[in-house]
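First to last, the protein sequences are chains H and V.
Position in the first sequence (from 1) plus 957 gives the number in our numbering.
Position in the second sequence (from 1) plus 1322 gives the number in our numbering.
Bear in mind the hints are in silico, worked out from the structure with no lab data behind them.
Owing to the predicted nature of the structure, the values given are computational and were not obtained by experimental measurement.
Some hints could be false.
DSBU-like, lysine-lysine: derived pairs with alpha carbons at most 35 angstroms apart [said to hold, decoys possible]:
no.	chain 1	residue 1	chain 2	residue 2
1	H	K1378	H	K1274
2	V	K1447	H	K1274
3	H	K1378	V	K1447
Stretch by stretch, here's where chain V covers chain H in the computed footprint (C-beta under 8 angstroms, at least three residues) [claimed, not checked]:
no.	region
4	1322 to 1334
5	1347 to 1360
Cβ coordinates follow ideal geometry from the N, Cα and C atoms, glycine included.
As a plain string of letters, each chain reads:
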Amino acid sequence: MLAVRARLDKAHVALIFLLVVLGGSSAGGRVLGIALAFGAFLAFNFFFLPPYLTFALADPLDWLVLVTFLITSIVAAQLLYRATSTAEVATARAAEVDRLATLGAETLNLARPEDALRAILEVIRTTLDVVSCDVIVHGPGGGFVTVARSPAEGNGGAREAGAVRFESSNPTARASVLGWPDTTDTTSAEGLVGWIFVHGRGAVELADGAIRIVDDPALETARSDRSDEVRALWIALAVRNETVGVLRVRTPGDLRLTLDQARFLDALAYYVALGVERRRLVADAERAEAERRVEALRRALLTAVSHDLRTPLTTIKAIAHEIADGGPTDGARVIEEESDRLDALVGDLLDLSRIQSGAIGPSMEVNTADDLIGAALRRADAILRGRVIDVELPPNDLLAGRFDLTHALRALVNLLENASKYSPAASPITIRARQEGDRLRISVLDRGPGVPDEERERIFEPFYRPATTAPDVRGTGLGLSIARGLAVAQGGAVEFEPRAGGGSVFTLVLPGADGAVPDADDSDLPGRALSDTA
Amino acid sequence: MSPVTVLVIDDEPQIRRAVRNALTSGRLFGGYGDLPTESTTTRSESQRGVRVIEAVTGREGIDFAAAESPALIILDLGLPDMSGIEVCREIRRWSSAPIIVLSARHADTEKVALLDAGADDYLTKPFSTIELVARVRAQLRRAQTAAVPNDPIVTIGDLTVDLERRRVERGGTLVHLTPTEWLLLRTFVTHPRQTLTHRQLFRAVWGNASGDAQQYLRVYVGHLRRKIEADSVRPQFIQTEAGVGYRFEPASTP
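Put together the whole structure using the sequences plus the hints.
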């Protein structure tokens, strides 16, 4: 440039220097840009404004050129810096939004809404480095309950409904609440939660126990000019302008958030609100479904009681009347049979109501397949009389599981009864037991007509009987439903599959015995010889 | 010969009536075609009468049990004044008469508690009177023979158990048993026709100690069955009483 100095105009030089400053400041930031501006200012003066190689200026108008150049360079560098940093913030924001969106989608998609809530609370707790987060909603019987908590507290339950309490206990200080209406109970946390539910505002709980009502507790904590220590935040969770819950964030020391953290908390609080809302909707749906099923069951039960109970009663009454009138006594046998039928039906109905109300507490013990199958064959003896029953067991292994023998026995007897009822009397029934992974599977195989595809689940519904059932097949239509209910109650299942070559396979699946079953020839009492036992 | 006294403690008049009729109809001691008559039933025994006394409440039942020293007690669980288990425990403090409990279904835990409290047998309502008579007869016979010292060699079908030399043979072949299996078998053989609860078996095999092995009681029974039974799912000797325990049946009815 120096070589062609004589032919250059001042404007050319200024423009070239400006380019250098802009290039420097875009590559190296604001400080480099401004330093380059000053450097260019000096170099312009020293090399390109006569007299050359001095800082003196021949033409006073050159000062105007120089100062204008300096101001332009600095302003340009500054503008460039702002634009760059705005873009960076925008990128960071976009990344954060992305992260929130992913988190939201992931957590809200968890199968159980309570798990989703807990997952979000976990994120809040670890990101903000606070001690605990919990969500308080309206309890079913009035009052407020905690539905999710992070960290989850003992006895496995984040569901536990504890009374809502303040972090610090100082009721007198609490009386001086800012913006707190006089009519509200100011001494209990329940009062505060109730107030938040009505007004949709939040609160900050201070170290001295005082409560300050604020619109955005998170931002309040991030304010740099506050002097009081914050112990807990009470954030209203709103969905569509309706408060659905209260998020409480607690810490033993002072809770101080950066502006970004506050914004993050507010964003996540909205996810928590969605989670609470989802939980409520799921509960509503479950309740509606349960009500529908109870109603269906009630109707089926009425039909059963009016038909299945009255039919044997009618027979018994008629025959008893005959006998009392001095008629033949050979009907007594029928009375006994009909009584047995009534007894079976009452037993079925009792079992069903226990299963439906979840009132069967299975007692899980290590039991053997031998015991189960043996007891089932003995109990179903009258029904299976005259039939060929093949039992297929692994010849050398003693199969065992951890299950409730009484319930499993009832389930298996029901499957045997079912097989016997719906298959030709001359065809054999096979019982096959085997271990599969950590499950014990006991299958009942028959050569009956099988079950059409569309009825495969319906056969497990209470009182369901296929339309093709022969009229002389007696039963309540409860057997399979009870069998499945009893199996499920102990962590098992009853499965159906068609049998190759025609017929059905019903399998009772039971929990296995987790491996540690002693072998036949284990020296099971170490140090105890036979002679000690006399 | 004096009649056998049976005490029935039940608040339901219809059940008392059914029990009374069943016991006094002459079926109890022989003379009824469809029941197997066993050699120990002597002619004089079959001619003995049965006296049935009835109590309506638990308190009354305990008083009668003390005053009348019945040979056997039939106790219904649904008493108005006290629980069956209390009655059972109270009577067991001073009487060794067999107690047969009548219970509704779905009461396994209650049954177990009663057997542990000293009851000897139970029947589930509704029961047939034939069943009731058979159980009463078995209990009376057991009570009678319990005092007689057992022959150390017990032979049941093709099974020979030598209690003194601790040898078990099946069809002439020596059966090898582990110590636990032996203790189980010995307990069964010395308590024939008696429902033994899981707890009673634990105590007999492992003493009062509790340990890991106890949870596998049913597995040990399974191993024992496979060694002494011809068909382990259709056992001849060791019957499963689901939810309660086991019963050893030496009178094999295959």
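Hints and how they fare:
1. K1378(H) x K1274(H): 27 angstroms, holds
2. K1447(V) x K1274(H): The hint holds at about 21 angstroms.
3. K1378(H) x K1447(V): 25 angstroms, holds
4. 1322 to 1334: Result for this restraint: holds, n = 10.
5. 1347 to 1360: holds (count 4)
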